[in-house]
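Engineer: These are the residues of each chain, in order.
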Amino acid sequence: MVFAFSLQSGSGVWHPLVWLAAFAVAAIIARVVLGFGRGSRKTGGDHVKPFLSGNEELDEERIHVRASNLYWGYLEAMKGYYRRLTALHTGNVADYLLWLFGVLAIMIVVGLAT
Amino acid sequence: MSTFFGGLDNHLPALLVGVPLLFAFLMPLAERVHRRLTDILAVTGMGLTSLCGVLLAIRVFTTGAVGYAFGAASPDEMLPPDSGGVPVRILFTVDALGAFMVLIISVVGLATLVYSVTREDRHGEKATFYALFLLLTAGVSGMVATGDLFNLFVFLEISSLAGAALVAVRMDRGVAVEAALKYALLSATGGLLFLLGVALLYTQYGSLNIAFIARELRMTGLDTVAVALLAVPMAMKCGAVPMHFWMPDAYSRAPAGVTAFLVVSSQCAMYVLFRSLFTLFHRRLDLAMFGWFVIALGVLSMFIGVTMAIPQKDVKRLMAYHAISQSGYMLLGVGVGLAVLGKPELLDAYGRKAMAGGIFHIMNHALYKGLLFLTAGAVIYRTGQRDLNNLGGLGHQMGWTMLCFMAGALAIAGIPPFNGFASKFLLYESVFRFNPFLSIIAILVSVLTLASFMKVFHSMFMGPRLPRFAEVREAPLPMVVSMGVLAVLVILGGLFPTVVVEHIIEPAVVALLEQSEYIQTVMER
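As you go down the protein sequences, you meet chains A and B in turn. Under numbering that gives the first Met the number 0, the final residue of the first sequence carries the number 113; numbering is consecutive throughout. Under numbering that gives the first Met the number 0, the final residue of the second sequence carries the number 524; numbering is consecutive throughout.
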């Protein structure tokens, strides 16, 4: 029954319901392990607060990591790529039309040549 | 089926376009009577259109392609006795691929319209919005149902104009109008190029019927030019790189419900691209060359779309770049099928599966990308913010919206067991056998997609409850219900992909590969 819902790719097979059952088992195990730790967990007091090298914790507005701060390293490493790519996105509709006509011309020339 | 609704089901192809047109033109009258009447009529009109679409799709998937002749004594009388075998009437031809698209339009159209009822309550002039939305529905339904190239152009124009007007409908201090003008100008230019291609075919074959031209095609030099004139504007309309520039502008400025439906509109352009290459030209086409052309557009779209999405800060603009990226998967899958179309052993070995993956991804993308745009719209509706830098901590107040977003985000990243994984699984495995490098790019793009949506998830929903959003509540019920329906479909499509693939996707693949059924539906009745 379960295998009747398996997706064949021609070279492999995907059983979503088997995956779901395995996920459920893993989730139950994780919940049990979490339960062992929760019994001895202390709540309240300074030890549950974030430790920021002894500095005061910032307010909620300032502590939230903003979108621009994520993937900074990736964007810095790819700066050259993005500089070129962003330059193509001019916002000028005449440029947009040129790209359309350019692709059209290439396809016609290649189509007629082959 | 034949006696269903007193034989009304025989007219389903016509009703698919007629019902939304009728309700669209009723809107200004309804607004004069009562503002709420526009809501009721819009939902009723879209509901009836969806019902017609679902019934038509069921009929096509159970009994085969459906032809409909306008103006004939009987709707299945495709060729008048005195026409000399030339289909001179206006004909609709809905095969499994068309029915597949009709199904997508029906489901996503209804969900997004119900969502928009509350979303648009804040604004006046709801009648204009509904009228344009229903015109867009009529346009895209006609595009996938018609069997006539000139009608296809007409429906393309209806959908383009209605789509552009919907992008501009909220003005947005002129920014939305600018985006709409770009969309309208590019669509109009693309439409004229398409019309020129149609004219080249008409001058040679004396007919505008797709089935007739497909049967008579000789592949002259003019036909080669016509292929390009038909295919390239449609590739532009579906956001293929490097003709994608209009898409982030238009998608990010339209109201959320409209953006979700514009995704479907773009996919209908992709349908026209596939219909042109496979049904109209494939017997005479240089398949490898055109296959690689589609693959190249797909790979460029996948990679440039996702890499441009990562640095975006406007949530809808980011999602728009992902729409470009996901279109690349569809082009890749179907492009591989086209490239090996002339080699039956390779087509059977992996070409059909690659096409199934690409076509399955059209449906999955319509559902999860529609869902993601709706969740972004719900957040903007409640907070008034679209800049990810200004959002945060909304998971505390908008739990249902967050859950729906997670379903959509995991699906687009190809994480099991969501529907995006199922179609990407077919694509990865089959494309790998064609060219491993292409498959590796597809997997890399999925990794980058996940990274991008982790950023969105963190920026919108994670973090401490921010004081400035203390008053923010969950999205209104109709919006949550619309998102919920799409989220459930995203999950069901992932848990039971075989049901979808066997009953909907594989017939659609066969419809693309086998010209004969499409031609017979018109020429031998």
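Worth flagging that the hints you see were computed from the coordinates, not collected in a lab. Cβ atoms here follow ideal geometry from the backbone N, Cα and C, with glycine treated the same way. Some clues are possibly wrong.
[Said to hold, decoys possible] Stretch-level coverage of chain A by chain B, calculated; a stretch enters the list once three of its residues show a Cβ under 8 Å from a Cβ in chain B: (1) 16 to 28; (2) 67 to 73; (3) 90 to 97.
Engineer: Give a verdict on every hint.
Structural biologist: Hints, one by one, checked against the model:
1. 16 to 28: holds (count 4)
2. 67 to 73: holds (count 4)
3. 90 to 97: Since 5 is at least three, the answer is holds.
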